[in-house]
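So you can see what is in the structure, the chains are spelled out below.
2 protein chains.
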Amino acid sequence: MSKRVGEGTVELTSRPRVAAWSSTVGKKEREGPLGISFDFTLGDDLLGQKTWELAEAAMLRDTVCRCMDKAGLEPEDADVLLSGDLINQIMAAHFCARELRVPMLGLYSACSTMSEALAIGGMLVDSGAARRAVCAVSSHFSTAERQFRTPLEQGGQRPASAQWTVTGAGATLLCGKDYAPDNAETVVSMRYATIGRVIDYAIKDMSNMGAVMAPAAADTLERHLLDIGRAADDYDEIITGDLGKVGRDLLLELLKEKGVKVDRNRVWDCGASIFSPEQDAHAGGSGCGCSAAVLNGHILGRLMKGEARRVVFMATGALLSATSVLQGETIPGVAHLVVLERDGE
Amino acid sequence: MSKRVGEGTVELTSRPRVAAWSSTVGKKEREGPLGISFDFTLGDDLLGQKTWELAEAAMLRDTVCRCMDKAGLEPEDADVLLSGDLINQIMAAHFCARELRVPMLGLYSACSTMSEALAIGGMLVDSGAARRAVCAVSSHFSTAERQFRTPLEQGGQRPASAQWTVTGAGATLLCGKDYAPDNAETVVSMRYATIGRVIDYAIKDMSNMGAVMAPAAADTLERHLLDIGRAADDYDEIITGDLGKVGRDLLLELLKEKGVKVDRNRVWDCGASIFSPEQDAHAGGSGCGCSAAVLNGHILGRLMKGEARRVVFMATGALLSATSVLQGETIPGVAHLVVLERDGE
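Those protein sequences? They're chains A and B, same order as listed. Number 1270 in my numbering belongs to position 214 of the first sequence; there are no gaps in the numbering. Number 1343 in my numbering belongs to position 287 of the second sequence; there are no gaps in the numbering.
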């Protein structure tokens, strides 16, 4: 049963269990500093499909299937699939879902979609509306570049604040207490969710997504801490989605302005961590597959081993389309937040 | 507290209240057979904005505000806004939300987005995760034509199975029992939700959306009736989103094949009803604003007056993008279903 805490946070009192997770990435991501934490690496970025879009759908589907398989379950053992991606009309998610006989809720909050899916999935499991919910999102470098930026063949110069869309997918299976498989190690659960507000700081530069998303991240984190009466440092780690190096610094600055005290060493960003400086990804990785893969590899792995015990996972999204940018609109951001904790915290 | 019934239906045992609703349409929709049921008609389809996309966002925002105002509330009295539209990256919903200080969940299931929003919103209210949830979606003829079809200036010939994207928006405010405003007449509540599966009958003709969506509608309705042990005729009306004339006939045929008995006079479609034959809209209206406006005008109006007492509202979506169609992909469909009932049913 869910309980509202403060103005805008939901406590999931039954603490939905993380019963399984899986991640898939491309070759470049595998070669990065977090490489060994991912389950599966694509041999090539087409996966034998005729288009990048179908390849992304196949990567997402395979990631869902591997996640369910790790729990000893079939995809249809989930009551609901919560899924989205960056392709127009979230076609990767829909093409993934048409091959799985699982009821699907289609979501979109740009690169914040993984935490949006976890927040809704967690709430549905908490209330008993779903026994098992699988949350899965993806992004693909080539589908995103084609859609949002310039043809790859053009080889345009990228500014230093630009980020590199991650080819990757992540899936997390959330289960009600009585519905986790017997063999699953379920010491990690979801305890809180704070839904983000859409915040617009009037930024128009689509090569500086970090600046777009940092204000939304600061807003959600501040609201969350006020709601539940915790200090930022009550968390071992505060993990953002894909602010990148530029956005992470801005977030720290905004938190300081708001009077939110935080040990900066506890704040790290999936996008700023997935590539090494030598990989020429400028400000870091982006795409909803970035935080999804890092969550379902590195982060959950460390929580499970007890290397972190209580973390904020807050993916961040820049809300734009190719049309909105061409029409000269500013770019709002959003950040949804969930709290993952080991039992006993 | 939510209760699962059968394989895939959720019973909302607290029966979230419909506390207010509002609809906005364009001039053509106002001139149709349901014209008088809509709250507000646009003077022109640009609403004083410089682009159709901004006009759609403004229409959606105004509809949310009017809905909240009818309940004597401000937009920020809602704990969450569940919203989506047809524009790439659901930019109408995001631009609407940046002006409202309400946490937002972005959704996309094409023209099924209104019932997706109601299903999730209802579940969140039922569990106590939200006290008040406002569900709002939109579509706009000119933004959809530009994005999915051909430039309006081209004046292409439309086949008889084609539908006409409705310029319209609808918003519904769902409240927990203790959170409906005192003056609101809340005799209508949401009792069940059945999330749809993505169904692909391998249709490639984007001018025949009815045929794409009918199999998904038949699947969801059949599952719902099996789950809760009701016959189709236990409902006064079974209302689909925008199957249009072609899709409605196919749905009846598919239900017959499946052995689902239904009085065909009880099955009607928002898309097939919003325009008269003289309005040259061929197979009917479409767009997520179509079923959203009809729900938040005609349907809820009749439920409130007792002209219908227990109905299925099942919006239907065709899952395609301009890219997926150009790449020769087939078009899957989806249909989410909610049950609205007057107290005492």
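Keep in mind that the hints were calculated from the coordinates and are not lab data. Take the hints with a grain of salt, since some may be wrong.
Put simply, identical chains are the same to the list, so a pair is met inside one copy or across any two.
Straight-line Cα separation of at most 25 Å, SDA-like style, residue types lysine to any residue; simulated pairs [said to hold, decoys possible]:
#1 K1314 - I1284
#2 K1301 - K1314
#3 K1312 - G1211
#4 K1361 - P1333
#5 K1260 - Q1203
#6 K1314 - G1212
#7 K1106 - D1261
#8 K1301 - T1069
#9 K1317 - F1096
#10 K1106 - P1089
#11 K1233 - F1096
#12 K1106 - L1382
#13 K1361 - L1110
#14 K1361 - Q1335
#15 K1312 - E1363
#16 K1059 - T1069
#17 K1233 - E1313
#18 K1312 - G1400
#19 K1314 - E1087
#20 K1059 - T1242
#21 K1260 - T1107
#22 K1233 - R1060
#23 K1260 - E1155
Structure-based check of each hint:
With identical chains, the CA atoms of K1314 and I1284 are at most 25 Å apart within one copy only, with a shortest distance of 17 Å there and 51 Å across copies. For the homomeric pair K1301 and K1314, the shortest alpha-carbon distance inside one copy (20 Å) is at most 25 Å, but the shortest distance between copies (56 Å) is not. In the homo-oligomer, the alpha carbons of K1312 and G1211 never lie at most 25 Å apart, since the shortest distance is 39 Å inside one protomer and 56 Å across protomers. Neither within a single protomer nor between protomers do K1361 and P1333 lie at most 25 Å apart by alpha-carbon distance, with minima of 28 Å and 66 Å respectively.
Within a single copy, K1260 and Q1203 get their C-alpha atoms as close as 18 Å, and across copies as close as 22 Å, so both meet the 25 Å cut-off. Taking the closest pair of Cα atoms, K1314 and G1212 never come within 25 Å of each other, the shortest separation being 38 Å inside a single copy and 55 Å across copies. Within a single copy, K1106 and D1261 get their C-alpha atoms only as close as 33 Å, which misses the 25 Å cut-off; across copies the closest is 20 Å, which meets it. Proximity of K1301 and T1069 under a CA criterion of 25 Å is satisfied in neither setting, with 35 Å inside one chain copy and 47 Å between copies.
Proximity of K1317 to F1096 under the C-alpha cut-off of 25 Å is found in neither arrangement, the shortest distances being 38 Å within a copy and 48 Å between copies. For the identical chains of this complex, K1106 and P1089 are neighbours neither inside a copy (30 Å) nor across copies (46 Å), given an alpha-carbon limit of 25 Å. Taking CA atoms no more than 25 Å apart as the test, K1233 paired with F1096 passes in neither setting, with 28 Å inside one copy and 47 Å between copies. For the homomeric pair K1106 and L1382, the shortest alpha-carbon distance between copies (13 Å) is at most 25 Å, but the shortest distance inside one copy (29 Å) is not.
For the identical chains of this complex, K1361 and L1110 are neighbours neither inside a copy (35 Å) nor across copies (49 Å), given an alpha-carbon limit of 25 Å. For a Cα distance limit of 25 Å, the shortest separation of K1361 from Q1335 qualifies neither inside one copy, at 29 Å, nor across copies, at 65 Å. In this assembly of identical chains, K1312 and E1363 lie within 25 Å of each other by CA distance neither inside one copy nor across copies; the values are 27 Å within and 58 Å between. Proximity of K1059 and T1069 under a CA criterion of 25 Å is satisfied in both settings, with 7 Å inside one chain copy and 17 Å between copies.
In this homomeric assembly, K1233 and E1313 never come within 25 Å of each other (Cα to Cα): the closest approach is 41 Å inside a single copy and 40 Å across copies. For a Cα distance limit of 25 Å, the shortest separation of K1312 from G1400 qualifies neither inside one copy, at 31 Å, nor across copies, at 55 Å. Taking the shortest Cα distances, K1314 and E1087 never come within 25 Å of each other, neither inside one copy (38 Å) nor across copies (52 Å). Taking the closest pair of Cα atoms, K1059 and T1242 come within 25 Å of each other both inside a single copy (22 Å) and across two copies (24 Å).
In this assembly of identical chains, the alpha carbons of K1260 and T1107 lie at most 25 Å apart only when taken from different copies (17 Å versus 31 Å within one copy). Taking CA atoms no more than 25 Å apart as the test, K1233 paired with R1060 passes in both settings, with 20 Å inside one copy and 15 Å between copies. Taking the shortest alpha-carbon separations for K1260 and E1155, only the inter-copy value of 17 Å comes in at or below 25 Å, while the best intra-copy value is 38 Å.
In this structure, the earlier hints numbered 3, 4, 6, 8, 9, 10, 11, 13, 14, 15, 17, 18, 19 are contradicted, and the remaining ones agree with it.
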